[in-house]
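Keeping their order, the protein sequence lines are chains A and B. For the first sequence, counting from 1, position 32 maps to 32 in the working numbering; every step adds exactly one. For the second sequence, counting from 1, position 263 maps to 263 in the working numbering; every step adds exactly one.
It cannot be assumed that every hint is accurate.
Here are the simulated distance ranges between beta carbons [what the hints assert, rightly or not]: (1) B:K19 to A:E73: 26 to 32 Å; (2) A:R128 to B:E23: 47 to 53 Å; (3) A:G117 to B:N88: 20 to 26 Å; (4) B:G258 to A:E16: 47 to 53 Å; (5) B:P172 to A:E126: 28 to 34 Å; (6) B:P263 to A:S156: 45 to 51 Å; (7) A:S158 to B:G26: 52 to 58 Å; (8) A:V32 to B:D68: 50 to 56 Å; (9) B:P205 to A:P120: 43 to 49 Å; (10) B:V260 to A:R15: 36 to 42 Å.
Computed footprint of chain A on chain B, listed as stretches where at least three residues anywhere in the stretch have a Cβ under 8 Å from a Cβ of chain A [said to hold, decoys possible]: (11) 5-14; (12) 31-39; (13) 96-106.
Please keep in mind that the hints were generated in silico from the structure rather than gathered at the bench. Here a beta-carbon is modelled for each residue, glycine too, at the ideal position from N, C-alpha and C.
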Amino acid sequence: MTTQHIRVTVNGELREADVEPRLLLVHLLRDVFGLTGTHIGCDTSNCGACTVHVDGESAKSCTMLAVQANGTEIKTIEGMADGAALHPLQQAFWDQHGLQCGFCTPGMIMQAAWLLGQNPKPTDDEVREGISGNLCRCTGYVNIVKAIQQAAGQLSASESAPVVAAETTEPATAG
Amino acid sequence: MIPAQFDYVRPADLAAALKILKEREGEAKILSGGYSLLPLMKLRLAQPELLVDLRDVKGLDGIRETDDEIRIGARTTHRRIHDDSVANDRPLLADVAGGIGDPQVRNWGTIGGSVAHADPASDWPAVLLAVKATIVCRSSTGERTIAAREFFLDTFTTAIEPTEVLTEIRLPRRVRGAGGAYTKLERKVGDFATVGVATIVRLAPDGTINSSGIGITGVADTPFAATDAEKVLDGQKPSDDLFRKAGEAAAAMSRPVGDVRGPADYKRAMTAEMTLRSLRKAVERALAYA
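Can you build the whole structure from these sequences, using the hints too?
See the structure below:
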């Protein structure tokens, strides 16, 4: 079987590979690029453990071909933290005990990140609707919803923070 | 699960896609969002030799309104339809688009892909049958339109020829006094419909039902129009008794098979019940849009 050459940007880094058309995106990420943070749960597009962002839209990477993703920008759980500093969603899942076994967590966080991009201040119901394609068998979702709400509060606060900072520091520099 | 081997092409435009379909007639399958086709390929229930991905083909997505029609490009995602203003005008569309799969599926799954795939339990076909939509297909020799009620032939089988691409879905625009609804019974959020009933009613100034349309999914080899139930409604004054009679007529037309979603008798009973509930909501909306 002939392979096809693909180029994708994964977490900001351009990567290339020669792949069979039947290679799934999740296998490209895990087996070819070694990014094993993206999990394979049900392998039938039900559970959402394999959720990543493709051109900014959350997708189940077990139900997308690697060749379909050719030319796209992909973000995985490995692209969330800034060095040693956890992303606010990662920190919130830690703080709120939003995980027990942790298997669903990478997909859950990627879906939550997409949701907060669409709707920065969701209600609890909107959070639950937003993660309805991600299954967790441990937590009962209560702490996951709390974690996403904690991150939502932090992310929307940090977005307005630079404006406040500029206003308060300006008199000091002027003086 | 890994699909069987296949070739993959991503043509730059529709003409190139149609040329490939002609050259490889019967071997190729169109890939749109992939959320219906890829699961079947992973289970090896589908083993196409060639996938023609329409991702780069321009002009197949988006929603346009003409004087009398809503025209939805085949590659328009469920989410885009749900978020579009037409879904406000026609709440029926929001009912359906917001209830397909889950957010990830709605981000990528497309109306054209879903309709062409023709899963006997998928949601869009019920709506297309209820509103008497038109389906536009293109081949290298030209374009043709197919009435929704002549489109779904059998399980996973439609009137599309192997050399054609489904390009657009055309629904009549809502008129004053009309309302529609889609009521879906599902075991859990994101499941396929155990039964899904799309209804549309148009009320006359005297409050009687001028015309109606009912499309049902999940309870036969293919989604079908419940024409016997429509006959029960037309010309009558809306009431729960009338809706119950329509539900019974719809259930009598269903041909469910028992499976993990329940035995056949249960599905028939639920067909009647969902028809009743869908009609209640459709009439409520019609009254609010007099």
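Here is how each hint holds up against the structure:
{"no.": "1", "hint": "B:K19 to A:E73: 26 to 32 Å", "verdict": "holds, 30 Å"}
{"no.": "2", "hint": "A:R128 to B:E23: 47 to 53 Å", "verdict": "holds, 48 Å"}
{"no.": "3", "hint": "A:G117 to B:N88: 20 to 26 Å", "verdict": "holds, 23 Å"}
{"no.": "4", "hint": "B:G258 to A:E16: 47 to 53 Å", "verdict": "holds, 50 Å"}
{"no.": "5", "hint": "B:P172 to A:E126: 28 to 34 Å", "verdict": "holds, 32 Å"}
{"no.": "6", "hint": "B:P263 to A:S156: 45 to 51 Å", "verdict": "holds, 49 Å"}
{"no.": "7", "hint": "A:S158 to B:G26: 52 to 58 Å", "verdict": "holds, 56 Å"}
{"no.": "8", "hint": "A:V32 to B:D68: 50 to 56 Å", "verdict": "holds, 51 Å"}
{"no.": "9", "hint": "B:P205 to A:P120: 43 to 49 Å", "verdict": "holds, 46 Å"}
{"no.": "10", "hint": "B:V260 to A:R15: 36 to 42 Å", "verdict": "holds, 41 Å"}
{"no.": "11", "hint": "5-14", "verdict": "holds (count 5)"}
{"no.": "12", "hint": "31-39", "verdict": "holds (count 5)"}
{"no.": "13", "hint": "96-106", "verdict": "holds (count 5)"}
Consistency note: the structure conflicts with none of the earlier hints.
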